[in-house]
Amino acid sequence: MKSFFRMSYPYILWIAIFIVAPMILILLYAVTRSGNSTLTFRFTLENFTRFFSDPDFLRVLGTSLRIALFTTVFCILIGYPAALFIAQQPERRQTFLILLLTLPMWINMLLKTYAWRGILMNFDMDSEIKVFIGMVYDFLPYMIIQIHTAIAKLDRELLTASYDLGANKWQSFLKVTLPLSVPGIISGITLVFLPAVSSFVIPKLLGGGNYVLIGTLIENYFLVAGDWNFGSAISLIMALIIIGAMYLTRKLDRDAEEE
Amino acid sequence: MERKKPFWNFFTSGYLILVLLFIYLPILYVMVFSFNDSKSMVSFSGFSLRWYESMFSNRDMLDSIKNTVIIAVIATAVSTVIGTVAAIGLSKARRVIRNIILEINNLPVLNPDIVTAIGLMLLFLSLKIRRSAVTLTLAHISFCIPYVILSILPKLRQLDDNVAEAAMDLGATPWKALTRVILPQIYPAILSGALIAFSMSFDDFVISYFTAGMDVQNISMYVYSMKRFNPAVNALSAVIVIVVTMILILANLIPHLRDKKNKKEEPET
Amino acid sequence: MKKTLSVLLALALALLPLLTFSASAEEDFGGVTLNVYNWGEYIDEQVLRDFEAKYNCRVNYKNYDSNESMYTNISGGDDPWDILVPSDYMIERLIKEDRLQPLDKSIVDNLDNLTDDVKNLSFDPDNTYSVPYLWQNVGIVFDTTKIDPATVEEKGWEIFLDPSLKGHAYMYDSSRDAFMIALKTLGFSANTDKEEEIQAAYNWLLEMNTAIKPSYVTDEMIDGMAEGFKWISLGYSGDIAYILSENEDMDFCAPKQGTNIAVDAMVIPKNAGNPKLANLFIRFVTDYDAALAISTATGYCSPNAQVMAELSGPGGEYEGNAAYLPRSGNDLDEIFHDNPSLAAKLSDLWLKVMASR
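Chains as they are written, first to last, in the numbering used here: chain A, 1 to 259; chain B, 1001 to 1269; chain C, 2001 to 2357.
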């Protein structure tokens, strides 16, 4: 049985080529200077200083974070009640409702965004609002499902006990349901906030050319300006921020569980 | 148990209906306007199939659909096989190695997809490999495998090793132990992993955008490249919605029907 | 009824190749693919279908929306594009970098029907590498019901600093053209590489961004202006000609401070997969029929003298259309020259303009 571990060898080779090598390449390009098709190994940190010393780029980073933050907050505000109410339904209806929620997730994100673009094209509203609608729309189902999973797992006995001890519905919710559903919220946040920071497609399609975000920068430096070094540096910065945040939330989650 | 107040019921149902309406608004809207006689997205001037005709005579659009499906099928098949083999191998590997591999495996999942995309693009271009349908498929396989593994591995850890051991003690070859004992037990996890892989590949935009070549486009790339509004996209959306709905209905009906059939065949106790 | 018609049509189309006489052996390319990389909204699809039918081939037609992104795309890999349609200054660069192959003049033999305005251009005086495809100048399209034409005439490019236009403007996402209007307004050359002048232009653009908060778009402005979503935009004369023909409230202005005249021309890269077919494509497109279709569909001025005269003349599709014929004879109008370091710098600064608040 132990010999079965040799089955993992092919995959180890695969990830060496397709996961590790690309990351190393990004790192290499990020810390070297010029020369696109041949890596001329002139090590430098100038790509990083160029990014961090420029208020415009920092503002772009800030905008990306801001949009991601607002999107996440709205997803929680709208999604939590939805998840809660679904969890209170009889079980068969719950399955049906979750199914209804997941159906749109199978439809191509660009098609859905384009649909919104068509709809919103005819309304005169601030493009920032259009972008929010598109972003919240895209991420909401993930948030609802994560929170619902957490709430559905709760032991009904806990709530019954709470009522028996004299708490009313609202107090029970605050003291029992809400705290125990926090892992679901955190899980939802990782599925929403982090991808939202790097998204550039929805803001580009719906923002009407008003939004330069981190993703837009990366796209521009790679595909238009041809500056792979700077583009890689920005990618690396963003990857580090996001992965760092991931680990932070995981640690918070684990700490919360241990309490 | 407290008796639920009717007002509260009304409120919660109403809220859920509103949320569902929001979720389905663009879908229903484009389905309606896919039959619009004019280009407008605001006024419905008459029923017409012109956008469906336009869609079926649009070579680039049809190619993109074909490419999306073929690549998704290939990527799902290959990544499911590699992923299953890898998961089984990893479950038996030493803990340290397993953890390292899993952390690396998680990178495409945690990384923003544009970073994964850039990495793969740099890989192909630095190795002077021309970007093509092949590189695109490789890229898709690459980001699908982690999801397959993440789906199967937990199930594998739950398995009782003794069953497979017993099988081999009784003379079964490792291969038989694998196919007759282990695989059937993790079958649901493999299936769900494959489904996730398929949906990730079908929906992908960013990674495809950077790794596809001059002659391949998937649906997402095609839509992104449309600078001016082409209402044929509404027809495309409508078709996809219908296909997805039918598949989901089937996927949920078949187990139902099978259960019913099984019930019928059971003798009444 | 419509469905049966479609099915019958599809069947007929499928059988058509069998019914028509097959192309002569010399002209039958056996279904091979010709890879054409062109600007978006820059052709009449029927021209491609006619070419495919005539030479029994398939055209893989992809779009780019800036010279820079096209250049980066072809530089990264080894893609065997057969036809590119860069602008003048980009052709200059490609020639300098020895990335193009000379045209086969035995195939491309119809160059005498080109108008004089596009002959003898500095980047390729003898048409060794390139044949003009469409030409245009950059200008302003605006809604006459919202903005007084006299004001636009008087202010020229300066109108883009007018705060009353805030939120009602598009700005074309093209670094070279954006800097051109800034430089021209400030009285400098659009090809300058003097640091102070570029800085001044950069500041002008920042001021513009703050004053009118435009939407930075590319081809989206075509439908946007045709539908009247915004009041004003920077644009290319061909797109604007189309807009004027769709929306009679709109008008065109080539500002007094001078503007850019550009010629987009077809070239064949050195590593083209199918040079012979590529040359045939160039000849095909330069001929009267295709040139007429392309100019009519896109609104851009054709380099084919006959087509140009016909479309702008009496009874022509663009008769009286202010944007169809590029302005000539204005000393302030300039053509862009190639300067890679300048282009890179402008591209960078432009991104910062778009990102600034």
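Possibly wrong hints are sitting among the right ones.
[As the list claims (entries may be wrong)] Using 27 Å as the maximum straight-line C-alpha spacing, the simulated BS3-like pairs for lysine-lysine come out as follows:
no.: 1; chain 1: A; residue 1: K251; chain 2: B; residue 2: K1260
no.: 2; chain 1: C; residue 1: K2062; chain 2: B; residue 2: K1128
no.: 3; chain 1: A; residue 1: K204; chain 2: C; residue 2: K2213
no.: 4; chain 1: A; residue 1: K204; chain 2: B; residue 2: K1261
no.: 5; chain 1: C; residue 1: K2096; chain 2: A; residue 2: K204
no.: 6; chain 1: B; residue 1: K1066; chain 2: A; residue 2: K175
no.: 7; chain 1: B; residue 1: K1227; chain 2: C; residue 2: K2256
no.: 8; chain 1: C; residue 1: K2096; chain 2: C; residue 2: K2054
no.: 9; chain 1: C; residue 1: K2213; chain 2: C; residue 2: K2166
no.: 10; chain 1: B; residue 1: K1039; chain 2: B; residue 2: K1005
no.: 11; chain 1: C; residue 1: K2096; chain 2: C; residue 2: K2256
no.: 12; chain 1: C; residue 1: K2119; chain 2: C; residue 2: K2276
no.: 13; chain 1: A; residue 1: K204; chain 2: B; residue 2: K1128
no.: 14; chain 1: C; residue 1: K2194; chain 2: C; residue 2: K2062
no.: 15; chain 1: C; residue 1: K2270; chain 2: C; residue 2: K2213
no.: 16; chain 1: A; residue 1: K204; chain 2: C; residue 2: K2166
no.: 17; chain 1: B; residue 1: K1066; chain 2: C; residue 2: K2062
no.: 18; chain 1: B; residue 1: K1005; chain 2: A; residue 2: K169
no.: 19; chain 1: C; residue 1: K2270; chain 2: C; residue 2: K2256
no.: 20; chain 1: C; residue 1: K2096; chain 2: C; residue 2: K2276
no.: 21; chain 1: C; residue 1: K2213; chain 2: C; residue 2: K2096
no.: 22; chain 1: A; residue 1: K204; chain 2: C; residue 2: K2105
no.: 23; chain 1: A; residue 1: K204; chain 2: B; residue 2: K1066
no.: 24; chain 1: B; residue 1: K1227; chain 2: B; residue 2: K1039
no.: 25; chain 1: C; residue 1: K2213; chain 2: C; residue 2: K2256
no.: 26; chain 1: C; residue 1: K2096; chain 2: B; residue 2: K1227
no.: 27; chain 1: B; residue 1: K1155; chain 2: A; residue 2: K153
no.: 28; chain 1: C; residue 1: K2119; chain 2: C; residue 2: K2146
no.: 29; chain 1: C; residue 1: K2105; chain 2: B; residue 2: K1039
no.: 30; chain 1: B; residue 1: K1039; chain 2: C; residue 2: K2194
no.: 31; chain 1: B; residue 1: K1227; chain 2: C; residue 2: K2062
no.: 32; chain 1: C; residue 1: K2166; chain 2: B; residue 2: K1128
no.: 33; chain 1: C; residue 1: K2146; chain 2: C; residue 2: K2096
no.: 34; chain 1: A; residue 1: K169; chain 2: A; residue 2: K251
no.: 35; chain 1: C; residue 1: K2270; chain 2: A; residue 2: K204
no.: 36; chain 1: A; residue 1: K153; chain 2: B; residue 2: K1005
no.: 37; chain 1: C; residue 1: K2166; chain 2: B; residue 2: K1227
FYI, nobody ran anything at the bench for these hints, they're computed from the structure.
So, going through the hints one by one against the coordinates:
Simply put, K251(A) and K1260(B) have alpha-carbon atoms about 46 Å apart, too far for the 27 Å limit, and the pair is violated. As the CA atoms of K2062(C) and K1128(B) are separated by approximately 22 Å, the hinted pair is consistent with the 27 Å bound. With a C-alpha separation of about 16 Å, the suggested pair K204(A) and K2213(C) falls inside the 27 Å cut-off, and the hint holds. Simply put, K204(A) and K1261(B) have alpha-carbon atoms about 51 Å apart, too far for the 27 Å limit, and the pair is violated.
A threshold of 27 Å between alpha carbons decides the hint, and for K2096(C) with K204(A) the separation of about 35 Å lies outside it, so the pair is violated. The suggested pairing of K1066(B) with K175(A) is violated, with an alpha-carbon distance near 53 Å, which exceeds 27 Å. Among the hinted pairs, K1227(B) with K2256(C) is inconsistent with the structure: their alpha-carbon atoms are about 31 Å apart, more than 27 Å. Note on K2096(C) and K2054(C): the hinted pairing is violated, with a Cα-Cα distance of about 34 Å set against a maximum of 27 Å.
Taking the CA atoms of K2213(C) and K2166(C), the gap is near 6 Å; set against the 27 Å cutoff, the hint holds. Of the supplied pair hints, the one linking K1039(B) and K1005(B) is violated, its CA atoms being roughly 48 Å apart against a limit of 27 Å. With a C-alpha separation of about 33 Å, the suggested pair K2096(C) and K2256(C) falls outside the 27 Å cut-off, and the hint is violated. Distance hint between K2119(C) and K2276(C) is fulfilled; the C-alpha atoms sit about 24 Å from each other, no more than 27 Å.
As the CA atoms of K204(A) and K1128(B) are separated by approximately 31 Å, the hinted pair breaks the 27 Å bound. The straight-line distance between the Cα atoms of K2194(C) and K2062(C) is roughly 36 Å, outside the 27 Å bound, and the hint therefore fails. A C-alpha spacing of about 43 Å is found between K2270(C) and K2213(C), which places the hinted pair above 27 Å, so the restraint is violated. This hinted pair checks out: K204(A) and K2166(C) have alpha carbons roughly 20 Å apart, not beyond 27 Å.
Distance restraint check for K1066(B) and K2062(C): the Cα-Cα separation of roughly 17 Å lies within the 27 Å cut-off, and the hinted pair is therefore satisfied. A threshold of 27 Å between alpha carbons decides the hint, and for K1005(B) with K169(A) the separation of about 12 Å falls inside it, so the pair holds. Between K2270(C) and K2256(C), the direct Cα distance comes to roughly 41 Å. Violation of the 27 Å bound is thereby established for this hinted pair. Of the pairs offered as hints, the one joining K2096(C) and K2276(C) holds, with about 23 Å between alpha carbons and a cut-off of 27 Å not exceeded.
Between K2213(C) and K2096(C), the direct Cα distance comes to roughly 38 Å. Violation of the 27 Å bound is thereby established for this hinted pair. Of the pairs offered as hints, the one joining K204(A) and K2105(C) is violated, with about 44 Å between alpha carbons and a cut-off of 27 Å exceeded. For the proposed pair K204(A) and K1066(B), the alpha carbon gap of about 26 Å is at most 27 Å, so the pair holds. With a C-alpha separation of about 15 Å, the suggested pairing of K1227(B) with K1039(B) holds against the 27 Å cut-off.
Distance restraint check for K2213(C) and K2256(C): the Cα-Cα separation of roughly 24 Å lies within the 27 Å cut-off, and the hinted pair is therefore satisfied. Our distance criterion of 27 Å between C-alpha atoms is broken by K2096(C) and K1227(B), whose separation comes to about 32 Å. The suggested pairing of K1155(B) with K153(A) holds, with an alpha-carbon distance near 19 Å, which does not exceed 27 Å. Between K2119(C) and K2146(C) the CA atoms are separated by roughly 39 Å; this puts the pair beyond 27 Å, and the hint is violated.
With a C-alpha separation of about 44 Å, the suggested pairing of K2105(C) with K1039(B) is violated against the 27 Å cut-off. Only pairs whose Cα atoms come within 27 Å are accepted, and K1039(B) paired with K2194(C) is rejected, the gap being roughly 48 Å. A C-alpha spacing of about 13 Å is found between K1227(B) and K2062(C), which places the hinted pair at or below 27 Å, so the restraint holds. In summary, the hint linking K2166(C) to K1128(B) is not supported, as the alpha carbons are separated by about 47 Å, beyond the 27 Å threshold.
For the suggested pair K2146(C) and K2096(C), the alpha carbons sit about 46 Å apart, so the restraint of at most 27 Å is broken. Among the hinted pairs, K169(A) with K251(A) is inconsistent with the structure: their alpha-carbon atoms are about 32 Å apart, more than 27 Å. Proximity of K2270(C) to K204(A) is assessed by CA-CA distance (about 35 Å); at most 27 Å being required, the pair is judged violated. Under the criterion of a C-alpha separation no larger than 27 Å, the hint pairing K153(A) with K1005(B) is consistent with the structure, at around 24 Å.
Our distance criterion of 27 Å between C-alpha atoms is met by K2166(C) and K1227(B), whose separation comes to about 24 Å.
Consistency note: the structure conflicts with the earlier hints numbered 1, 4, 5, 6, 7, 8, 10, 11, 13, 14, 15, 19, 21, 22, 26, 28, 29, 30, 32, 33, 34 and 35.
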